Structure formats: structure tokens, C-alpha cells
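Protein chains in written order, with our numbering: chain A, 1 to 232; chain B, 233 to 464.
Calculated from the structure, these hints are not laboratory results.
Warning: the hint list may mix true and false statements.
[Unchecked claim] List time: in silico EDC-like cross-link candidates among lysine to aspartate or glutamate, alpha-carbon distance up to 20 Å:
1. B:274 with B:242
2. B:289 with B:262
3. B:422 with B:402
4. B:422 with A:26
5. B:289 with B:357
6. A:190 with B:242
[Claimed, not checked] Calculated Cβ distances over 10 Å to all of chain B for the following chain A residues:
7. 39
8. 96
9. 144
10. 166
[What the hints assert, rightly or not] Sample of chain A residues at the chain B side, in silico, Cβ under 8 Å:
11. 117
12. 191
13. 195
Since the model is a prediction, treat every value here as computed from it, not as a measurement.
Where is the CB? At the ideal position from N, CA and C, for every residue including glycine.
The primary structure of each chain is shown beneath.
Number of protein chains: 2
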Amino acid sequence: APRVVQVIREAELVIGYRLYLAQIQDLLSDKQIHASELTHEKERARLAVQSARAGRKVCIVSSGDAGIYGMAGLVLDIFSEMSSSSDQRAEPYVEVVPGISALNAAAALLGAPLMHDFAVVSLSDLLTPWPTIAQRISAVAEADFVVVLYNPSSRRRQWQLGEAQRLLLEHRAGTTPAGLVRNAYREGQKVRLTTLEHLLEHEVDMFTTVVIGNAGTRVRLGRMITPRGYEP
Amino acid sequence: APRVVQVIREAELVIGYRLYLAQIQDLLSDKQIHASELTHEKERARLAVQSARAGRKVCIVSSGDAGIYGMAGLVLDIFSEMSSSSDQRAEPYVEVVPGISALNAAAALLGAPLMHDFAVVSLSDLLTPWPTIAQRISAVAEADFVVVLYNPSSRRRQWQLGEAQRLLLEHRAGTTPAGLVRNAYREGQKVRLTTLEHLLEHEVDMFTTVVIGNAGTRVRLGRMITPRGYEP
Numbered sequence: 001a002p003r004v005v006q007v008i009r010e011a012e013l014v015i016g017y018r019l020y021l022a023q024i025q026d027l028l029s030d031k032q033i034h035a036s037e038l039t040h041e042k043e044r045a046r047l048a049v050q051s052a053r054a055g056r057k058v059c060i061v062s063s064g065d066a067g068i069y070g071m072a073g074l075v076l077d078i079f080s081e082m083s084s085s086s087d088q089r090a091e092p093y094v095e096v097v098p099g100i101s102a103l104n105a106a107a108a109l110l111g112a113p114l115m116h117d118f119a120v121v122s123l124s125d126l127l128t129p130w131p132t133i134a135q136r137i138s139a140v141a142e143a144d145f146v147v148v149l150y151n152p153s154s155r156r157r158q159w160q161l162g163e164a165q166r167l168l169l170e171h172r173a174g175t176t177p178a179g180l181v182r183n184a185y186r187e188g189q190k191v192r193l194t195t196l197e198h199l200l201e202h203e204v205d206m207f208t209t210v211v212i213g214n215a216g217t218r219v220r221l222g223r224m225i226t227p228r229g230y231e232p
Numbered sequence: 233a234p235r236v237v238q239v240i241r242e243a244e245l246v247i248g249y250r251l252y253l254a255q256i257q258d259l260l261s262d263k264q265i266h267a268s269e270l271t272h273e274k275e276r277a278r279l280a281v282q283s284a285r286a287g288r289k290v291c292i293v294s295s296g297d298a299g300i301y302g303m304a305g306l307v308l309d310i311f312s313e314m315s316s317s318s319d320q321r322a323e324p325y326v327e328v329v330p331g332i333s334a335l336n337a338a339a340a341l342l343g344a345p346l347m348h349d350f351a352v353v354s355l356s357d358l359l360t361p362w363p364t365i366a367q368r369i370s371a372v373a374e375a376d377f378v379v380v381l382y383n384p385s386s387r388r389r390q391w392q393l394g395e396a397q398r399l400l401l402e403h404r405a406g407t408t409p410a411g412l413v414r415n416a417y418r419e420g421q422k423v424r425l426t427t428l429e430h431l432l433e434h435e436v437d438m439f440t441t442v443v444i445g446n447a448g449t450r451v452r453l454g455r456m457i458t459p460r461g462y463e464p
């Protein structure tokens with residue numbers, strides 16, 4: 001998006017995960033760069049805040065939308081923790097630039113599954129206990145939300161998607177359309193349409209977003225479409 | 233976004249709501265244009281499908297993200313209704329281009345409220361009966377989702393936001409942070425932080441998006457922040 005490019009161009013220091021910075025290297029030729037590994041989010045956020053408070057123009061790069069399960073919250077949290085003064089005006093200005101999250105990208109590639117109310121749930125139980133996640137899935141399954149699942153599976157987390165499927169099947173037909181999008185708008189993009197009952201027959205990893213339709217969702221000409229309203 | 237500009241440049245015919253087309257008129261100088269009023273969505277979608285099936289390159293413009301309560305579903309629906317043949321290969325190719333929806337834009341301007349599971353609910357009861365909407369709000373309020381409300385109010389729909397507030401207050405504290413964003417990234421942009429109990433003291437209209445925090449959401453240095461996880 002244009003604002004993202006502008007912010008990167010104006011920055012002196014650009015901080016990010018190594019592989020994301022590699023994707024925008026043509027914008028970075030005259031910049032100072034701090035590239036780190038995937039798990040070092042807190043280190044990146046701390047460095048960004050320290051550098052900004054030292055008077056530098058800093059840009060921290062996040063994939064997708066930094067505001068949806070992204071880096072924005074961590075940066076703002078660490079920023080407020082490190083802020084000694086209660087005088088906001090003395091602090092550097094932080095701008096969050098919106099982007100295309102996995103939900104926007106997956107929906108576009110599947111057709112139009114998000115034409116009506118939807119809920120977004122991360123299946124990662126590293127920071128959230130599974131019973132909380134399970135309760136949320138049951139609540140939105142019963143209330144007939146379209147459901148978008150982030151972080152459905154990883155090398156260490158294998159059973160969560162099957163459990164989510166089981167909870168959804170308590171309230172929704174097995175024939176409900178479901179979509180799987182891997183690496184949206186990146187190399188290796190894969191878009192698959194299936195149904196809730198066949199969900200586990202496809203490869204799903206941490207780069208995959210899963211969209212489960214509501215009771216009205218249907219497939220037409222190879223696209224997943226949710227109607228805009230409900231007949232009374 | 234770059235792909236949007238590319239698609240508009242390649243189109244022969246550009247169709248859209250009059251005021252949205254006016255915002256991109258510098259891209260439209262050599263195009264055939266069909267501008268219509270806000271309520272004529274079906275007419276626009278039908279014209280787009282007819283023209284594409286007649287062999288023309290058509291772009292239909294939607295504000296925000298066409299895939300989130302936008303034009304994508306209607307276009308695909310009418311496309312499949314008008315498709316006489318079951319042979320998909322004979323039909324023109326339809327591409328949905330993702331964009332920045334009100335949820336992406338409002339979250340960025342408020343801080344980082346969407347760092348954890350959230351639900352999106354439209355308060356428009358023109359096509360969906362209110363009991364369905366009310367049941368959904370109660371379900372996601374109880375399961376502690378951050379809640380994003382689209383279409384909170386209009387000239388003809390005045391009581392729905394108050395009723396949504398009442399349902400949310402059955403499960404969530406009055407002091408829960410809430411954000412109101414009007415005309416995000418447009419002329420007349422207004423960003424306000426308030427609380428669930430004071431929600432109705434501010435002007436809310438059809439250009440406003442409302443974000444209600446979950447039990448963990450807090451305000452720091454003037455920003456609305458939801459923590460990434462839940463302590464077990």
C-alpha cells in the first residue's frame with residue numbers, strides 16, 4: 001500500500017524478521033537494517049522503541065496487517081512500559097499503518113465468504129489456554145458466524161484443528177463449505193475448497209488460513225459465497 | 233494498493249458509486265464510466281457481469297475491502313445466476329482484489345485492539361432479523377471476543393447501538409475500552425476513545441466503525457491495546 005512504502009522510505013532504521021526484510025530489499029538500500037529471527041519479537045520491539053526515543057525515525061516491519069495478531073500491540077505495550085514520563089507530548093509519535101491481513105487475502109482468493117458476520121480465532125494455545133479457545137469456537141459455531149482460523153497448525157501443534165472441527169460439527173453440517181489458503185499472494189500460494197467434514201484431509205500448516213462458512217454459505221462456479229442477509 | 237491500481241488501469245469499463253469514482257478520477261481519464269447512486273448495487277453488479285460476458289474488461293469499484301460486507305458477494309452471485317453454461321471455462325475470469333476494510337483501518341487508528349480473537353457484527357437489520365443479530369452479540373460478548381460493529385447507526389436505524397450496548401453490558405464491564413472511528417483515512421476523520429458505558433454519548437453514523445475491547449483490553453498513552461494472550 002502507498003502509505004507503507006512512504007513510511008519505509010522516510011525511516012532511518014528498519015527492523016524486521018529476516019525473511020520479510022528480504023522481500024522489500026529494493027526499498028532498503030540507504031537504510032540501517034536490523035534483521036532478526038522469527039521468535040525475537042520482543043527484542044525487535046524494544047530496539048524500535050529505544051531507537052525512536054533516542055530521536056531516530058524507525059520503522060518496524062510486520063507481515064500482513066500489523067494490527068491483526070501482529071506486532072502493533074507488542075510495540076505499543078513496550079513503548080508504554082518504557083515511557084517514564086506521563087507527558088505524552090514528550091514521547092515520539094507512533095503510527096500504525098493498516099495492511100492486508102490473512103483474512104482479507106484468504107477471503108479474496110476463495111470468493112466472497114465474508115459478506116456477513118464473522119469471527120476470527122487463533123488456534124495457537126501457546127499464550128491462551130485451550131479451554132478458552134474451545135469455548136470461543138463453540139460460541140461462534142452456535143451463533144452461526146463464518147469462522148476464520150489463524151495459526152491452525154504447526155510442527156508442534158497438530159491436534160487443535162481436529163478439535164476445532166469437532167466443536168464446529170456440533171452446530172454445523174459436515175457439508176458446510178470450507179476454504180484453505182496457504183501463502184496468500186506469495187510464492188507457493190495454494191487455494192483449496194473443501195467441506196467441514198473433509199477439512200483434515202488437506203495439508204495445513206502455520207502459513208495456512210482456514211475459513212469455515214456459516215449455514216448459508218454455498219459454492220458457485222468454484223467460489224465460496226456467503227449471502228449478505230438472513231431471511232426472517 | 234498496487235494491484236487495485238493495475239486492475240483499474242487495465243479495465244475498459246469502470247463501474248461504481250458516484251462518490252467513490254470521483255475519488256479516483258485521475259485513474260479514469262481514458263475509460264468508459266458507469267457511475268450510479270449508493271443503493272443501486274444490484275444494477276451495478278448486473279451491468280458488470282453483462283459487460284464481462286460480452287467480452288469487455290470490467291472493474292467494479294467498492295470502498296474498503298470488497299470482500300468484507302462489500303460488492304464481491306453480489307457480483308459473484310449474479311455472475312453464477314446469469315451463467316447459462318455449466319462449463320466454467322467459457323465464462324470470463326473474476327478476480328476479487330483484497331483491500332483495507334473498516335476493521336483494518338479502525339484498528340490502526342485506535343492503536344492495537346485486534347491483537348486477539350475478535351468478531352465482526354453488522355447492526356443493520358434490513359436483511360437480517362434483529363433476534364439473529366442480538367443472539368450473535370450475546371454469544372461473542374460472553375465468550376470475550378473483541379467486537380467490531382459495522383453499520384452501527386443510520387438516519388433510519390437509531391436504537392440498535394443502544395441495544396447492542398445493553399447486551400454487551402450483560403457480560404462485560406462498563407469500563408471496558410471502546411473506540412469510535414468515523415471516515416477512517418478520509419476527509420473528516422474522527423477517532424475517539426471512550427468506554428462501553430459512555431458509548432452512546434458520542435455521534436455515531438453509517439460512516440462510523442465501533443470497536444469494543446475484551447476483558448483484557450486497556451488504554452495506554454492514548455491507545456487501545458488488547459494483550460496477545462490469556463494467562464492460564
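Here is how each hint holds up against the structure:
1. B:274 with B:242: Violated, at roughly 23 Å.
2. B:289 with B:262: holds, 13 Å
3. B:422 with B:402: Given pair residue 422 of chain B, residue 402 of chain B is violated - Cα atoms ~28 Å apart, limit 20 Å.
4. B:422 with A:26: With Cα atoms ~35 Å apart, residue 422 of chain B and residue 26 of chain A exceed 20 Å; violated.
5. B:289 with B:357: With a Cα-Cα distance of about 35 Å, the restraint between residue 289 of chain B and residue 357 of chain B is violated, given a limit of 20 Å.
6. A:190 with B:242: Status violated; Cα separation ~25 Å.
7. 39: Holds, because the least Cβ-Cβ distance between residue 39 of chain A and chain B comes to about 14 Å, which exceeds 10 Å.
8. 96: Contrary to the label, residue 96 of chain A does not stay out of reach of chain B, its closest Cβ about 4 Å off (not over 10 Å).
9. 144: violated, 8 Å
10. 166: holds, 17 Å
11. 117: Nearest chain B Cβ about 5 Å off; hint holds.
12. 191: Because about 12 Å separates residue 191 of chain A from the closest Cβ in chain B, which is outside the 8 Å limit, the hint is violated.
13. 195: With a minimum Cβ separation of about 19 Å from chain B (threshold 8 Å), the hint on residue 195 of chain A is violated.
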